[in-house]
Structure formats: structure tokens, C-alpha cells
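Colleague: Sequence:
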Amino acid sequence: MDIIQMDINLIDEDTDQPRYQFDEQSLQELITSIEELGLLSPIKVRKTDNGRYKIIYGNRRYKACIALGKPTIPCIVSTMTNEMDIYLEQIAENLTREGFSPIEEAEAFHKLLNNEKFSSSVKFLASKLSKPESYIKNKCELLKFSSAVKKRIVSGTAIRKDVLTEDQLLPIKDLPMELRDPLALIFARDEMPVSDVKKIAKLFKDPDISASTKEKLLFKNGPGLLETWSVRQNNKAERAKPAQPAEPKKKAAPLQAEQQSVQQPMEQLSVEQQEQPQVGVMDNLPNQTASLAANADSVDSAVVSAAQPAAANVTEAAAPVTALAALANAEAEADLDGMPPVLAQLQQLMTTLEAAGAPPLAKALESMETEARDTFLQDVDKLIVHLQHQLLEWNQHKE
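Numbering-wise (this note's numbering), the sequence shown opens with residue 1306 and increments by one.
It cannot be assumed that every hint is accurate.
Below are the DSS-like pairs computed for lysine-lysine, each with C-alpha atoms no more than 30 angstroms apart in a straight line [stated by the list, open to error]:
| # | residue 1 | residue 2 |
| --- | --- | --- |
| 1 | Lys1436 | Lys1455 |
| 2 | Lys1456 | Lys1368 |
| 3 | Lys1416 | Lys1428 |
| 4 | Lys1436 | Lys1375 |
| 5 | Lys1687 | Lys1466 |
| 6 | Lys1368 | Lys1503 |
| 7 | Lys1466 | Lys1478 |
Just the calculated beta-carbon pair ranges, DEER-fashion [unchecked claim]:
| # | residue 1 | residue 2 | range |
| --- | --- | --- | --- |
| 8 | Ala1542 | Ser1452 | 22 to 30 angstroms |
| 9 | Thr1320 | Thr1675 | 48 to 56 angstroms |
| 10 | Asp1307 | Asp1390 | 16 to 24 angstroms |
| 11 | Lys1507 | Asn1314 | 53 to 61 angstroms |
| 12 | Lys1433 | Val1459 | 19 to 27 angstroms |
| 13 | Asp1467 | Ala1542 | 14 to 22 angstroms |
| 14 | Lys1507 | Lys1442 | 18 to 26 angstroms |
| 15 | Asp1472 | Glu1403 | 13 to 21 angstroms |
| 16 | Ala1542 | Thr1675 | 35 to 43 angstroms |
| 17 | Tyr1440 | Ser1672 | 28 to 36 angstroms |
Everything labelled a hint here was simulated from the structure, so no lab data went into it. Beta carbons: idealized from backbone N, C-alpha and C, even for Gly.
Let the sequences and hints guide you as you build the complete structure.
Modeller: Below is the structure:
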């Protein structure tokens, strides 16, 4: 294979080549290397009808030599004329080079498979490039995503903030676009590892979760979605356990006793608040939240006890969502008129915490340090979600 020094002015770039993205920093490093050591690898060109030459591969090296003002460049002149063979050689060469992005690769495969000039097949490409057919198919799946997602896709497997790897995207490739793209951006923002992405993908592929609930789940961040998946799996495992042998029949406690077990903590909370009239809103916030959390546990026990006889006939509860989405869902679906007394207690508990917009509370929140305020608000969100989950379960029992 002969290498000749060719006048650089006789050479043109191939605007149809697979690679079109060039990192400026990487190109500058190449320029420095050629300036110090010379061009170590020749570029490959083919002769065109007008007596000029077009690059088959080596565009970056050509750009670097142009930047350095070199009059000639070492070249290998190819005798190939078949467009398919030339394009395949360009792909094969770029696969060995740094910076050939997964999207460039996917677009090249798509062109070979769908352009009438090539009319290739996955099997043919796989054999020519020595790649498994799944490799070709998976690359093409990346083209399903929006441009906002595609511009974040990078080579390699390292998980980094605000970028995406192919392995992070493939588990969600078959989801509807309205779920797929927002999830991809969440994974990029929160640096979600592939193992967690696969779990979250299963959550959104679950046919038992309604489309509206899945949309509300998008309010959560990556760790929040993972926690939702974990809770749902634990709930499924609990329901799958064999039923325990029936205990000897005991006299059923009156419903009033169940209600009293919920009402007593509420009354105690009211007494405690009345006994502290001089305590400022700022000082009372953590105690109020703690009391609410304790009462939530009491309500939880009452709910489980009251609901147990019918549990075998109840379908799985909707997956937890963020505080905002859960509240919106409850307002749309819950009709509190005629609900069991314990459910009314749940509503009362949720309204015990002073409204966030109330002037004293708003002023107190503004005066809190950022870290303390964030911690407090996170605790409140968790409490609301917990109570809301119980409310949704009761609504299902009523229906």
C-alpha cells in the first residue's frame, strides 16, 4: 500500500461521512501532537471525477494539518468505487477512533438500513463489521429519543452528571415518549446507575399502575423513584406470603374502640398545643411534625386492624407518588362523605399541620436557615405521603 505526499489543496472533506462531531479540545491536542511529532498515520482518499480527491477517513488529521498550514499531507489513495464498501470502511475506521459518538454510529447504521442507495440488512452489517446483530439494533434504538436526550449520549459506561450512556437508555427504550424522555433526563441529572435504571424501568412498565399515576411519578427524582419501586416490591412480597392460620375467635372489639385508639392521640396533640400558647411558630414546628408522625403511626395501626378481614379481596394499592402528585391524585379521586370514621381521622390529621401559606408559619419558614428549613419540609412531605397512602387504601376498601 503506497503512501504519497499529496497537495492538501487537492483534497476535499466528505460531507456524507458518518462522523460529523469533533471535540475542539481533542482536535487541539491532535494539532499539538502533529506539530511536535509529525503526522504518524496517513489519511485515506479516493479520486473523484473532477480530478480531485475526497477523504475516506482521516478528517481530524486533515483539519489539524490545515490548521498548521501544512502544504502537503501523507495519503493512501484507494481504488474503491462502491459506495457501500466506502461507507462501511468509514464506519469501521471510526469505530477504532476516539470520539465517534453512539448517535453518529446509530445514524450511520440507520442510513445503511433505510437509504435506497444502500438497502442493507442488520445481518449483513453485523457480518461486515464483525459485530453481533444486537449491537446494530441497540444502536438504532437510540434514535427513538428526543434531541434533548440524544445530545447527552456519550460513549463508554462511566456514569456522569448530565450525560447518558447507552446502557442507561436501553431499559426505557420501549416506553411511550411522554415517559421515556423525562425519565432519561432524570437519570442524567441524578447520575442513576444502570442497576437502578432497570428497576425504575420495571416500575413504569407495570401494567397494574395507571397512566395517570405514572405521569405523577415523574415529579419524583431518581432516588425517589427507586424508593417507590422498593416499597412496591416489598408490598408485593408481603401479599404473596401464605395466609397465617386463623386464631381462636375472640369477641370483636367495637368500631368505637378502633376510633378511640385514633382519637386519643389527636386529643392529646390538641391539649399539648393548648398548653403551649407562648411558644413561637419556629420553636413548635419540629414538635408539631413529630407529634403528627406519631399519630400517623397510630392511624396506620388502626387502618391495618380495621381493613384486615377484607384484605384478601383488595387489589394492589396505587404506587406512592410525590407529596404534590399524591395530594393531587387524592383530591381528584377521594370523596370523603360517607367514608369510615377512621378515614375521617386521617383527613383531620392531614389538616392539623398549619397551612404553609399562613402568615405566622410562612414568616417562621423564611427565618429558618436553609438546611433546617429543607429538612423540616422534607419531613412534612414524607408525612403527607404516608397519610395519603392510607387515605387511598381506605378509598379502595369503600369502593
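Colleague: Are the hints correct? Go through all of them and say.
Modeller: Hints, verified against the model:
{"no.": "1", "hint": "Lys1436 with Lys1455", "result": "holds, 23 angstroms"}
{"no.": "2", "hint": "Lys1456 with Lys1368", "result": "holds, 23 angstroms"}
{"no.": "3", "hint": "Lys1416 with Lys1428", "result": "holds, 15 angstroms"}
{"no.": "4", "hint": "Lys1436 with Lys1375", "result": "violated, 38 angstroms"}
{"no.": "5", "hint": "Lys1687 with Lys1466", "result": "holds, 26 angstroms"}
{"no.": "6", "hint": "Lys1368 with Lys1503", "result": "violated, 41 angstroms"}
{"no.": "7", "hint": "Lys1466 with Lys1478", "result": "holds, 20 angstroms"}
{"no.": "8", "hint": "Ala1542 with Ser1452: 22 to 30 angstroms", "result": "violated, 41 angstroms"}
{"no.": "9", "hint": "Thr1320 with Thr1675: 48 to 56 angstroms", "result": "holds, 52 angstroms"}
{"no.": "10", "hint": "Asp1307 with Asp1390: 16 to 24 angstroms", "result": "holds, 20 angstroms"}
{"no.": "11", "hint": "Lys1507 with Asn1314: 53 to 61 angstroms", "result": "holds, 58 angstroms"}
{"no.": "12", "hint": "Lys1433 with Val1459: 19 to 27 angstroms", "result": "holds, 26 angstroms"}
{"no.": "13", "hint": "Asp1467 with Ala1542: 14 to 22 angstroms", "result": "violated, 35 angstroms"}
{"no.": "14", "hint": "Lys1507 with Lys1442: 18 to 26 angstroms", "result": "holds, 21 angstroms"}
{"no.": "15", "hint": "Asp1472 with Glu1403: 13 to 21 angstroms", "result": "holds, 19 angstroms"}
{"no.": "16", "hint": "Ala1542 with Thr1675: 35 to 43 angstroms", "result": "holds, 39 angstroms"}
{"no.": "17", "hint": "Tyr1440 with Ser1672: 28 to 36 angstroms", "result": "violated, 58 angstroms"}
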